[in-house]
Amino acid sequence: MQAVADVMNLALANLANLNFIQAPGEDSPEGEQMTVRWELALEGLLLEHPWSFAGRSQALAKLADSAADFTSSGLYYAYPADCLRIRRVWTAGLERFPLAFGIGLSEKSGRKAVIVFASGETILPYALYTTKSVAVPAMPSDFVSALAWRLAGEIALAKRADPELANAAMGAYRLALGRARLHDARERSGRPPPYSKWREARFG
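Take the sequence shown: its position 57, counted from the start at 1, is 56 in numbering that gives the first Met the number 0, and no numbers get skipped.
Among the clues, some could well be false.
Claimed, not checked - Pair by pair, the computed Cβ-Cβ distance ranges are:
no.	residue 1	residue 2	range
1	SER27	ALA91	46 to 56 Å
2	PRO28	PRO139	23 to 33 Å
3	PRO139	PHE19	14 to 24 Å
4	ALA15	GLY103	41 to 51 Å
5	ALA15	LEU123	52 to 62 Å
6	GLU106	SER140	37 to 47 Å
7	HIS48	LEU104	25 to 35 Å
8	SER140	ARG55	17 to 27 Å
9	ARG95	ALA22	43 to 53 Å
10	ARG95	HIS182	21 to 31 Å
Rather than coming from a laboratory, the hints here were simulated on the basis of the structure. All C-beta atoms in this analysis are idealised placements derived from N, C-alpha and C, irrespective of residue type, glycine included.
Turn these sequences into a full structure, and let the hints steer you where they fit.
Written out as structure tokens, the structure reads:
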């Protein structure tokens, strides 16, 4: 089972740096570099694609000051704490009918909010979103490879001592990202197609 340190060491190996770390945050040049870049690299990669393993759905909690923030048929709901990007919003029981939504700030509380545009205040909206709370063991191997190359590329770019190495690392990252996307798309191939009014009328 892989851990964060394993992915960091894979990134170091990609740069031909064999000064491996024992744990994230350790007091060493390599440990410090990885600790600084890990979170941003991971979140950046998670935002590159709607990864199936990083999707999470939950009911949205209505903000206490939603009535005061109600504008243009928009209702304000709390942005999930572990959310990187909202993918889709729907009403309970009507998953095939997505709702229009936006992202903003609650004027009263100043909290980041999901603004759902729907008539009536009785809806119970659910959201499918990309979570940033992804443990390394849950990551597919292609994703881990892409993450390691992204870390390697960012470290090489920051050092600016070897532009060719930095370009090679980022090129390898793009290739690994393409493979990871393809693998994820193949895993989705067995899922039902998205809702289509034409398909509904044609086939029922």
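A quick look at each hint next to the structure:
1. The hinted window of 46 to 56 Å between SER27 and ALA91 holds, with their beta carbons roughly 50 Å apart.
2. Separated by about 30 Å at the C-beta atoms, PRO28 and PRO139 satisfy the suggested range of 23 to 33 Å.
3. Separated by about 23 Å at the C-beta atoms, PRO139 and PHE19 satisfy the suggested range of 14 to 24 Å.
4. At about 46 Å, the beta-carbon gap between ALA15 and GLY103 stays in the expected band of 41 to 51 Å.
5. For the hinted restraint 52 to 62 Å between ALA15 and LEU123, the CB-CB distance of approximately 54 Å keeps it satisfied.
6. At roughly 45 Å, the beta-carbon separation of GLU106 and SER140 lies within the given 37 to 47 Å, and the hint holds.
7. With their beta carbons about 27 Å apart, HIS48 and LEU104 fall inside the hinted range of 25 to 35 Å.
8. SER140 and ARG55 have their C-beta atoms about 21 Å apart, which keeps the hinted 17 to 27 Å range intact.
9. The given range of 43 to 53 Å is respected by ARG95 and ALA22, whose C-beta atoms sit roughly 46 Å from each other.
10. For the pair ARG95 and HIS182, the supplied restraint of 21 to 31 Å holds, since their beta-carbon distance comes to about 27 Å.
The structure meets every hint from the earlier list without exception.
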